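Asker: Chains C and R are the protein sequences, given in the same order.
The numbers in our numbering rise by one with no breaks, and the one at position 213 of the first sequence is 217.
The numbers in our numbering rise by one with no breaks, and the one at position 185 of the second sequence is 226.
By construction, these hints were calculated from the structure, which means they are not laboratory data.
This structure is a prediction, so every number in the text was calculated from the model and none was measured.
Warning: the hint list may mix true and false statements.
[What the hints assert, rightly or not] Derived SDA-like pairs (lysine to any residue); straight-line CA-CA distance at most 25 Å:
| hint | chain 1 | residue 1 | chain 2 | residue 2 |
| --- | --- | --- | --- | --- |
| 1 | C | K67 | R | W178 |
| 2 | R | K189 | C | K113 |
| 3 | C | K113 | R | D295 |
| 4 | C | K263 | R | E175 |
| 5 | C | K263 | R | R279 |
| 6 | R | K189 | C | M260 |
| 7 | C | K113 | R | I75 |
| 8 | C | K263 | R | W71 |
| 9 | C | K113 | R | E181 |
| 10 | R | K189 | C | L51 |
| 11 | C | K263 | R | D295 |
| 12 | C | K263 | R | R194 |
| 13 | R | K189 | C | L54 |
| 14 | C | K263 | R | E181 |
| 15 | C | K67 | R | E181 |
| 16 | C | K113 | C | L54 |
| 17 | C | K113 | R | L179 |
| 18 | C | K263 | R | E292 |
| 19 | C | K263 | R | L179 |
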Amino acid sequence: MNLATLKGWTGRLPWQWRFGRGSRARSGDVPWGGMVLIGAVVIYLSLLLLLPALNVGVQAFAKGFGPLMEALSKPPLQHAIKLTLLMAAIAVPINTVFGLCAGLVLARKRFPGRTLLLSAIDLPFSISPVVAGLMLVLLYGRNGWFGGALADSGIRIIFALPGMVLATLFVSMPFVAREVIPVLEEMGPEQEEAARTLGANGWQTFWRVTLPNLRWSLLYGLVLTNARAMGEFGAIAVVSGAISGKTETLPLYVEMAYKQYQTQEAYGAALLLALLAIATLILKGLLERTGVDRHGH
Amino acid sequence: MRGFRFQRRRLAGAIAALPKTIGRSWSWPWAVVITYLLIMLVIPTAAMLLKASTLPIADIWRIATEPIAIAAYEVTFITALVAAGFNGIAGVATAWVLVRYEFPGRRLLDAVIDLPFALPTAVAGLTLATVYSEVGWLGEPLAPFGIKIAFTRWGVGIAMAFISLPFVVRTVEPVLRDIAIEIEESSWCLGAGPWETFRRVMFPQMLPAVLTGVALGFSRAVGEYGSTVIVASNVPFRDLIAPVLIFQRLEQYDYEGATVIGAVMLLVSLALLLMINRLQAWGGRYESRDA
Numbered sequence: 005m006n007l008a009t010l011k012g013w014t015g016r017l018p019w020q021w022r023f024g025r026g027s028r029a030r031s032g033d034v035p036w037g038g039m040v041l042i043g044a045v046v047i048y049l050s051l052l053l054l055l056p057a058l059n060v061g062v063q064a065f066a067k068g069f070g071p072l073m074e075a076l077s078k079p080p081l082q083h084a085i086k087l088t089l090l091m092a093a094i095a096v097p098i099n100t101v102f103g104l105c106a107g108l109v110l111a112r113k114r115f116p117g118r119t120l121l122l123s124a125i126d127l128p129f130s131i132s133p134v135v136a137g138l139m140l141v142l143l144y145g146r147n148g149w150f151g152g153a154l155a156d157s158g159i160r161i162i163f164a165l166p167g168m169v170l171a172t173l174f175v176s177m178p179f180v181a182r183e184v185i186p187v188l189e190e191m192g193p194e195q196e197e198a199a200r201t202l203g204a205n206g207w208q209t210f211w212r213v214t215l216p217n218l219r220w221s222l223l224y225g226l227v228l229t230n231a232r233a234m235g236e237f238g239a240i241a242v243v244s245g246a247i248s249g250k251t252e253t254l255p256l257y258v259e260m261a262y263k264q265y266q267t268q269e270a271y272g273a274a275l276l277l278a279l280l281a282i283a284t285l286i287l288k289g290l291l292e293r294t295g296v297d298r299h300g301h
Numbered sequence: 042m043r044g045f046r047f048q049r050r051r052l053a054g055a056i057a058a059l060p061k062t063i064g065r066s067w068s069w070p071w072a073v074v075i076t077y078l079l080i081m082l083v084i085p086t087a088a089m090l091l092k093a094s095t096l097p098i099a100d101i102w103r104i105a106t107e108p109i110a111i112a113a114y115e116v117t118f119i120t121a122l123v124a125a126g127f128n129g130i131a132g133v134a135t136a137w138v139l140v141r142y143e144f145p146g147r148r149l150l151d152a153v154i155d156l157p158f159a160l161p162t163a164v165a166g167l168t169l170a171t172v173y174s175e176v177g178w179l180g181e182p183l184a185p186f187g188i189k190i191a192f193t194r195w196g197v198g199i200a201m202a203f204i205s206l207p208f209v210v211r212t213v214e215p216v217l218r219d220i221a222i223e224i225e226e227s228s229w230c231l232g233a234g235p236w237e238t239f240r241r242v243m244f245p246q247m248l249p250a251v252l253t254g255v256a257l258g259f260s261r262a263v264g265e266y267g268s269t270v271i272v273a274s275n276v277p278f279r280d281l282i283a284p285v286l287i288f289q290r291l292e293q294y295d296y297e298g299a300t301v302i303g304a305v306m307l308l309v310s311l312a313l314l315l316m317i318n319r320l321q322a323w324g325g326r327y328e329s330r331d332a
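Turn these sequences into a full structure, and let the hints steer you where they fit.
Answerer: In structure tokens, the structure reads:
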């Protein structure tokens, strides 16, 4: 079938590459052509990444500290913060359990259809978030498959919290699984088998042997899951209806405020999300040094 | 053709064998994985494709090939291809600079590359729309020349370049790092110049990684919504992209229109996923030699 050979699959996706492992060349070695190349790269990255990132901070503080604080204390924004935290608080544990289970199944067992399952876990990466949201609307919306049954029992999923949770779960699904499976593959079953021959049951083996070996990569997966869960826009925009003060998360608030020319509010919320991004990058960097890299290339 | 049929038979075999394997190796993790994937992936995907297929073929064709939809595909795919392709070149240059040279600020540059993964897309769209607007830091110097970036197709391109930037860099970087310096040195010793060494010795080794990175970046750019919707004016035939069109169809309660265009995008994503898997397997050939 060769949908994905495992070699291809364990090949990391770009955000899994660890950075900062030192360059090969020594300083003072840079030839003339190299200088030009460095200059060109720095200019390109400045125009595309650095200046826009810097702009978030500058715009947020453009009118000073007072107006920023005032914007941040508005009730709809406060509500958006709480909702965003809630999304992460629900999505991260559920996708962690799923990721661990996927790891135990896919790294420890051989069965036909295994590569198919591995590819299926990757699907949320390649499906457009808007299409993901659309799929949920077609299932749970008023005219959807389960729409009638849900309406009869008075449960609202679309334009309400459950739909937003489902959308967040969908887009942040693969991160933990993607981190955990290669580590389990590398580890091999020997330690677990040893634990079992010494009389440990399945749960004890998992809790005392498997999980401690996974801790760093698991944490790495958690950081990425959290960033995606808090930052998701497209899928949530489709299913939530973006009702201000009710189903509006921080990214939705950013767009809504910008559209209504509330620049200060938009950049206040954007600043919070940018801080989240910086924290994610720092944690990612720290974790890469502690040893998630052990199983790297 | 034979290869394709063979693959299809194996795929069908794998699906047919699934219930048996599940029965044989029942365990709690199994149950969780299968249930979760069914609820989250299989049923939603099936619902959309089935919903699309209940329409008469003529209607599907009409909705999928409406002028406004065709224009949206054109904007989406061509702009994404240009952005991802440009990042193919810029990404190789960036990876080269990061691996080969030591200079002040290298580590900062290295960390900044991952920013598009970490920064929520709404924030990216907001700040790009500001910076590249006619009164923004980077848009203002261009305005006298009649070049507008934000709220035009250029803006869509910039947003797509932003989110697809890390893919090529992060796929090429490790390959470049693993290329044995001896291979390059022997090319020099045999009399090849710098350009010839790059073109005939280095580039062939990097090619699978470059193509994988471009394909990943393209796939991401095609599906992107958050940053592009903010930085574009979303006018049909000018800078309206397919994901935004789906969103607008839904807002107008045109579920059929949204479903058909959504199904087209879903099939494109599936095809891209398949292609990326193939590319990674091809790249794996090079990797396994070092391992």
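Asker: Confirm or reject each hint.
Answerer: Each hint tested on the structure:
1. C:K67 / R:W178: 17 Å, holds
2. R:K189 / C:K113: Cα-Cα ~56 Å, so violated.
3. C:K113 / R:D295: 45 Å, violated
4. C:K263 / R:E175: 17 Å, holds
5. C:K263 / R:R279: Holds: C:K263 and R:R279 sit about 20 Å apart, inside 25 Å.
6. R:K189 / C:M260: Holds: R:K189 and C:M260 sit about 23 Å apart, inside 25 Å.
7. C:K113 / R:I75: 14 Å, holds
8. C:K263 / R:W71: With Cα atoms ~46 Å apart, C:K263 and R:W71 exceed 25 Å; violated.
9. C:K113 / R:E181: 59 Å, violated
10. R:K189 / C:L51: Since the Cα atoms of R:K189 and C:L51 sit roughly 15 Å apart, the hinted pair holds (cutoff 25 Å).
11. C:K263 / R:D295: Measuring from Cα to Cα gives roughly 24 Å; hence the hint holds.
12. C:K263 / R:R194: 19 Å, holds
13. R:K189 / C:L54: 21 Å, holds
14. C:K263 / R:E181: 21 Å, holds
15. C:K67 / R:E181: Within the cut-off at roughly 21 Å; holds.
16. C:K113 / C:L54: Violated, at roughly 45 Å.
17. C:K113 / R:L179: Roughly 54 Å separates the two Cα atoms, so the pair is violated.
18. C:K263 / R:E292: 17 Å, holds
19. C:K263 / R:L179: With Cα atoms ~21 Å apart, C:K263 and R:L179 stay inside 25 Å; holds.
Going through the hint list in order, the structure does not satisfy hints 2, 3, 8, 9, 16, 17.
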